[in-house]
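Student: Sequence:
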Amino acid sequence: MERRFASHPNEVKQFDTGRLRQEFHVPVLFAADELKLVLTHEDRMIVGGAMPVKEPVVLATDLKELGVTYFLERRELGIINVGGKGTVVADGAEYELNAKECLYVGAGTKDVQFKSADSANPAKFYLNSAPAHKTYPTVKATLESSEFADLGDIKNSNERSIHRLIHANGIQSCQLVMGLTQLKPGNMWNTMPAHTHPRRMEAYFYFELPEDAVVVHLMGEPKETRHIIMRNEEAVISPSWSIHSGVGTSNYTFIWSMAGDNIRYDDMDPVSMKELQ
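Residue numbers for the sequence shown follow our numbering, beginning at 400 and rising by one.
Treat the hints loosely; a few may be bogus.
What the hints assert, rightly or not - Derived BS3-like pairs: lysine-lysine, alpha-carbon spacing no greater than 25 Å straight-line:
(1) K622 with K673
(2) K514 with K499
(3) K435 with K514
(4) K554 with K583
(5) K583 with K499
(6) K539 with K554
(7) K514 with K453
(8) K453 with K509
(9) K435 with K499
(10) K463 with K435
Note that these hints are calculated values from the structure, not bench results.
Just need the whole structure built from these sequences, with the hints factored in.
Tutor: Have a look at this one:
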């Protein structure tokens, strides 16, 4: 498991492109029959991926890093499949996940494994994990069963559907909040006007992006913005003090996840367009 340390905004002002990517960009999440995990000290969120092809992938890591005897001893886990059909096995119970379906796995679950239905079209399980002080039930959700809203318009290039999956009015959790936003064709902007939420961090995972397309992900303090070029199936870590927005050369889909002091989706501090620099 790779470790990323938290950064102070005054320090980040001095970063060049390479250093920004080193600290916040997560370029590889899926490798055949491997578990990829990145632990950030921003609210101790873990961002990861599992792509079983020839054999199951087991949720395991260097437990000394977490100070526990098994991965979910004091953690909860959110999973969204962005590949072919797959199955998550949690303490012997099997949960089938099609593309864009979500599974929340509660703290105290000892054995978690990931399987693909077809090795030629493997499942790709995108993972987010946060510390948990209480056990909530393991629950599956689909986009159809989620709380969702259609927002934006083509005039502002931000017509999109937002699906809230793990949140205060959906799947219950300790502090993990997770959902998915789909931009409609011809639309490129997400989360603009921008906002921050100093009470919790956020991570974005961009996918369904054409091979030759990019998303220019904006980060930094509102008056000290920076950018990171993102490609398909890459993630980015956003500290609590940073905006998190982006514009693509094509429409795309992204998964957003948060961890921190609360699970309110609408806990955010708006940033007016006039403030951005």
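Student: A separate judgement is required for each hint: does it hold in the structure or not?
Tutor: Evaluation of the provided hints:
1. A distance of roughly 10 Å separates the Cα atoms of K622 and K673; the hinted pair therefore holds under the 25 Å criterion.
2. Restraint check for K514 and K499: the C-alpha separation of about 16 Å stays at or below 25 Å, so the hint holds.
3. Annotation: proposed proximity of K435 to K514 holds, straight-line Cα distance about 15 Å (limit 25 Å).
4. Straight-line distance between C-alpha atoms of K554 and K583 comes to about 12 Å, which keeps the hinted pair within the 25 Å bound.
5. Restraint check: the Cα-Cα separation between K583 and K499 comes to about 16 Å, which is no more than 25 Å; the hinted pair holds.
6. With a C-alpha separation of about 35 Å, the suggested pair K539 and K554 falls outside the 25 Å cut-off, and the hint is violated.
7. With a C-alpha separation of about 9 Å, the suggested pair K514 and K453 falls inside the 25 Å cut-off, and the hint holds.
8. Taken as a hint, the K453 and K509 pair is honoured in the structure, with Cα atoms around 23 Å apart against an allowance of 25 Å.
9. Distance hint between K435 and K499 is fulfilled; the C-alpha atoms sit about 19 Å from each other, no more than 25 Å.
10. Distance restraint check for K463 and K435: the Cα-Cα separation of roughly 17 Å lies within the 25 Å cut-off, and the hinted pair is therefore satisfied.
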